[in-house]
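Residue numbers (numbering that gives the first Met the number 0), protein chains in the order written: chain C, 0 to 525; chain V, 0 to 303.
One or more of the hints may lead you astray.
[To be verified] Computed list of lysine-lysine pairs in DSBU-like fashion (alpha-carbon distance at most 35 Å, straight line):
(1) K101/V / K355/C
(2) K395/C / K261/V
(3) K161/V / K302/C
(4) K161/V / K411/C
(5) K161/V / K395/C
(6) K161/V / K244/C
(7) K137/C / K153/C
(8) K261/V / K411/C
(9) K261/V / K241/C
(10) K261/V / K273/C
(11) K28/V / K101/V
(12) K357/C / K55/V
(13) K411/C / K165/V
(14) K201/C / K137/C
(15) K161/V / K300/C
(16) K161/V / K355/C
(17) K357/C / K345/C
(18) K165/V / K244/C
(19) K244/C / K261/V
(20) K357/C / K161/V
(21) K395/C / K165/V
(22) K165/V / K300/C
(23) K201/C / K236/C
(24) K165/V / K355/C
(25) K261/V / K504/C
(26) K395/C / K302/C
(27) K395/C / K101/V
(28) K153/C / K190/C
(29) K355/C / K411/C
(30) K241/C / K201/C
(31) K482/C / K411/C
(32) K395/C / K55/V
(33) K355/C / K55/V
It is worth saying that the hints were derived from the structure and are not from the lab.
Quantities reported herein were computed from a predicted structural model and do not represent experimental measurements.
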Amino acid sequence: MKKRLLCVLLTAAMAMTLAAGCGNSGGGEKKSEKKTTSSSSETSDTLIFAQGADPRSLDPAFADDGESTKINTNIYEGLVQYAAKTTEIEPCLAESWDISEDGLTYTFHLREGVKFHDGTDFNAEAVKYNFDRQLPGKATEDMPYAGFVFAPVKDVVADDEYTVTIHLNEAQTPFLANLAMIQGSPIVSPKALEENNGNVTKSPCGTGPYKFVSWDTEQSVILERNDEYWGEPAKMKNVIFKIIKDNSARVIALNNGEADIIDGIDATVVDQIKEAGNTVQTDEAMMTNYMAFNTTDGAFKDKEARRAICAAINVPEMVETLYQGYDVPATTFLPTSLPGYDESIKPAEYDPEAAKAKLGELGVTNIHIITYSNPRPYNTVGGQKLAEAVQGYLSKVGVECTIDAYDWTTFKTIAQGGDFDLMFAGWGGDNGDPDNFMNLLATDDPSMNYSHFHSDKYNELIAKGVITPVGEERSAIYTECEKIIADEAPILPISHANFMCGVAKNVDGFFYHVACGTKLAGVTKK
Amino acid sequence: MALKKTAAVELTAQEKPESELKSIWESLKLSKTAVIGMVIIILLILIALVTFITEKMGIQILPYNPNEADMSASFVAPCAEHWFGTDELGRDIFSRIMDGTKISLFVGFSVVIFSMFFGIILGAVAGYKGGVIDTVIMRFMDIMLSIPGILFAITLMAALGKGLDKAIIAIGIVSIPEYARIVRGSVLSAKESDYTQAARVIGNKDIRIIFKHILPNVISPIIVRATLGISGAILDTAALGFLGLGVQPPLAEWGDMLGRAKGYIFSAPYTLVFPGLAITLAVLAFNLFGDGLSDALDPKSRKR
Chain C
0 MKKRLLCVLL TAAMAMTLAA GCGNSGGGEK KSEKKTTSSS SETSDTLIFA QGADPRSLDP
60 AFADDGESTK INTNIYEGLV QYAAKTTEIE PCLAESWDIS EDGLTYTFHL REGVKFHDGT
120 DFNAEAVKYN FDRQLPGKAT EDMPYAGFVF APVKDVVADD EYTVTIHLNE AQTPFLANLA
180 MIQGSPIVSP KALEENNGNV TKSPCGTGPY KFVSWDTEQS VILERNDEYW GEPAKMKNVI
240 FKIIKDNSAR VIALNNGEAD IIDGIDATVV DQIKEAGNTV QTDEAMMTNY MAFNTTDGAF
300 KDKEARRAIC AAINVPEMVE TLYQGYDVPA TTFLPTSLPG YDESIKPAEY DPEAAKAKLG
360 ELGVTNIHII TYSNPRPYNT VGGQKLAEAV QGYLSKVGVE CTIDAYDWTT FKTIAQGGDF
420 DLMFAGWGGD NGDPDNFMNL LATDDPSMNY SHFHSDKYNE LIAKGVITPV GEERSAIYTE
480 CEKIIADEAP ILPISHANFM CGVAKNVDGF FYHVACGTKL AGVTKK
Chain V
0 MALKKTAAVE LTAQEKPESE LKSIWESLKL SKTAVIGMVI IILLILIALV TFITEKMGIQ
60 ILPYNPNEAD MSASFVAPCA EHWFGTDELG RDIFSRIMDG TKISLFVGFS VVIFSMFFGI
120 ILGAVAGYKG GVIDTVIMRF MDIMLSIPGI LFAITLMAAL GKGLDKAIIA IGIVSIPEYA
180 RIVRGSVLSA KESDYTQAAR VIGNKDIRII FKHILPNVIS PIIVRATLGI SGAILDTAAL
240 GFLGLGVQPP LAEWGDMLGR AKGYIFSAPY TLVFPGLAIT LAVLAFNLFG DGLSDALDPK
300 SRKR
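This is chain C alone, in the form it adopts within the complex (with noise of 0.2 Å):
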C-alpha cells in the first residue's frame, strides 16, 4: 500500500514538472535552432517547403487540392497565367489570342520553341491533346476541373503548328480567367500521357521552371530546375515539398531549419516562429469564411429572424479575437480584391438589443448549429471554436445554441442535408472571376448552396453577368448580386483570410499568390 502511495506521488511530480516544462521550452528550442543553420547553409541551392497532406494527385487534369497545386504550379504552364501578384490575365504559352465579337470562339498564337522537359515539342497539337481529354464526353469522373473549365467548349482545333481556335456553345466571360488556372487547364506532355495511360499522377511532365525528381509518397516530393525553361530560369537548383503532418512539428521543423518555409499555421504559433528569428508572411488570400442560414425550413425561413440573428453578432471583434487580427473581417462574401466589390454595402449592424427584441418577438430561442471539427484554410481556429463564439453572442440575445461538430466528411453529407438551422462554410475562390463565388448561391446544389437560398432576380444578375464582358457593367451586376445578399441574409460573411506562411530569415522572394499559390522560381535563398 505504501508502494501505491509513493506512485501516486511519484506522478503528481511528474505532472508538475511537465508544466513547468511547458514554460521553458521555447528556450530549449532556440538552442537547436542554432546548431542546424550552419549544416542547412551547405545545402543554400535547396529549398524546402513543408506542407502538411501529400499532393491528390500531379496530373493537372486530376487534382483540385491545395496541396497538389502548390506543387503543379512549378511544373507545368497554361496557355495564359495569372499576373505576378493579381489575378489579371497574361500570356504564358499563348503570346497573344484573339476573341471574337459574340465571344464564341478563341484563336490562341502559340509561343514557338518551348520543349516539355521529355524534350518534345510544345505546339497546338499538344494543346487540342490536352483539352481533348477533358471535353464533355471524354473526361473522366475523377477529372474534377474538366466540367467547371471546359463544359462550354464545343471543340478545339489546331489550325497550323502554333495557332490553336477553341469554339464555345456559349459565351462565357470567365473562361481564359479559367485556362489560367493550375488545376485543368495546364498542358502536359503528350508523350507522357501516352506512356502513362492518360494520367500523370506519379510521373508529371510539364513545360514550367521546374522538373519532376520523385515522389516519396507521404515523405516529400522532390522537383529539380529546369535548365532548357523558355523563360527566366529559376533561382534555386532544387526543391522539396516535405510533408511534414503536424503543425506544430512542421513549426519545429521551420525553425530548427530542416524546412524553409511552411504553410497551414494559424495566429498561435507566430509568437513561437518570430522567437526562433523567422518571419511570418500574410499574404491576401481569395477566400470567405461564412455563416449560412438555412432558408427552407425553421426559424430562419423568416428574413427577419436571419437579419436579427447578424445583428446580435459583433463580426469585426469575433474575427478580431479568434484570428488575433490575421485574417480581415468580411462585409461582403466577395473578397475585397474581386471586381464588383463594393465597401458601402454591409449586412445588418450590430445591435443586440434590436436582436433581442426582434427575436423575443419572433420567438426563436432554441437553435442547432452544425459545425466541422477541423480546421480549415478559411477559418484556421477550426469551426467548433467559431460555432462557440457565435453561440456566446447569441446567448446575450435569449438564443440558445445546441452545437454538433462533425469531421469534414461526415460535415458536408449532413450540410447537405439540410437537418441545421445555422451551419459555417467557406470558399476559395479559383480564378479570380467574382463569378466563382457569386454563382454559389444561384444553383440549386445543396453542397454548394447550403443555405438553399433562391431568388429569381439573383438567378438572373448571375446568368446576365456570366455573358457580360469584363468591364464596369459586369462588375455593377455583382454588385448588385451582393445588396440582395445583405438585405436577404441567406449567408453573414464572417472573415476573409490571409495565406499565412512560416518563412524562414534567409529566405527571399517569396509570395502566395491567391490563385495559383506558390511559384517558387523567384525564391533565393542566402
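Add chain V to chain C, keeping to what the hints say.
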C-alpha cells in the same frame, strides 16, 4: 487476498457496527496523507454543492458567469480581475474551474454508482451461483477487461454520441468488470463460511442470503475500489473531454478546457495549467484517501 477477506469477515462478525466505524476512523487518522486527501475531497464537494445550489437559486457567487463569452477580453493573463486569466472566448478560467468541479464530481460519483450497481449484481450472481452462469458472466467480464478501458469508452462514445450522460454510461460500462471481479472473489469465500451455511439451513432464499448475509461482509474492498474508481472516472472523463467527446459547449469540463487550450500552450500557458492542476488535485485527493481507507479497512494493518 482470500485469506485477508476471511479475516475481515470474522472480525466484522464479532464487533458491533458503531465501534467498527470508529476504529476505521482511528486508523485513518494516523495516515496524514489520507486526511489531506479527505480534506481536499470535502473542499471539492463543498465547492460543487455551493456552485450547484447558488446556480439553481439564480445567485451568482462566482466572480463571472462561467459560460458567458466576452470576445473583447480574450486571453487576459492572470490578474486581479481574472485570477486564472481568461480563455480564447474571454471566459473567466477561475469561474469555469469552480463550475467544472460539480461536473467532474457528478460524473465521478455517477460512474461509480452505475458500475458498482451492475458490477455487484453480476459479481454476486456469478460467485454465488457458480457453474455455467459464473463462467458466462466472468468470461464476458474478461473479454471487456481485455480491451483497454479508455479505447473501449471512446468506441462507446463514438456510437452513443456526445454528452455528459453518455460519457457516464460509457465510462461506467468500462468499469463494471473491476467490481464484478472483486465481488465475485469475496462472495466465493463468504459463501463457504459457517454463517452462510447456517442461513441456508434455516431456509433463506438465495437473494436474501446474497444481500442480507454475504454482501455486507464484502463491502470494505468495494468501498476502497469505489474511492479509487472515482479518481479513475474523473480522469477518464477528462480524457474524453480532451478528445472533444465530452460535454456540449459551453459547459465547463476540466478535460474539455484542457483539450481546447492545448493549442495555446506557448502563447497562453495559463489556459492549460489551471485545468490541469484541478484534475491533478482531484485525482490525487481521491487516490490518497482511497489508499488510507484501504489501509484502515485492512484488519492486519489496523490491529498494528
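Exercise. Keeping to a limit of 35 Å between CA atoms, is the pair of K395/C and K55/V held or broken?
Worked result: 19 Å, holds
Problem set entry | Restraint status (C-alpha distance of K137/C to K153/C at most 35 Å) | 12 Å, holds
Exercise. Taking only the CA atoms, is the gap from K357/C to K161/V under or equal to 35 Å?
Worked result: It holds: about 32 Å lies between the C-alpha atoms, which stays within 35 Å.
Exercise. Do the alpha carbons of K261/V and K411/C lie within 35 Å of each other, as the hint requires?
Worked result: Since the Cα atoms of K261/V and K411/C sit roughly 27 Å apart, the hinted pair holds (cutoff 35 Å).
Exercise. Has the given pair, K395/C with K101/V, been kept, meaning a C-alpha gap of at most 35 Å?
Worked result: 24 Å, holds
Problem set entry | Pairwise hint evaluation, K345/C against K357/C, where the allowed Cα distance is 35 Å at most | The given pair, whose Cα atoms are some 20 Å apart, holds under the 35 Å limit.
Exercise. Keeping to a limit of 35 Å between CA atoms, is the pair of K161/V and K355/C held or broken?
Worked result: Cα-Cα ~29 Å, so holds.
For this session: Could you grab the alpha-carbon distance between K101/V and K355/C and see if it respects the 35 Å cut-off?
Result: 31 Å, holds
Exercise. Under the criterion that the straight-line Cα-Cα distance not exceed 35 Å, is the pair K28/V, K101/V satisfied?
Worked result: Since the Cα atoms of K28/V and K101/V sit roughly 27 Å apart, the hinted pair holds (cutoff 35 Å).
Problem set entry | K395/C paired with K165/V [C-alpha distance capped at 35 Å] | 28 Å, holds
For this session: Mind checking the alpha carbons of K201/C and K236/C for me, to see if they're no more than 35 Å apart?
Result: Holds: K201/C and K236/C sit about 21 Å apart, inside 35 Å.
Exercise. Taking 35 Å as the top limit, are the C-alpha atoms of K355/C and K411/C close enough?
Worked result: 31 Å, holds
Comparing the model with each earlier hint shows no violations; every hint is respected.
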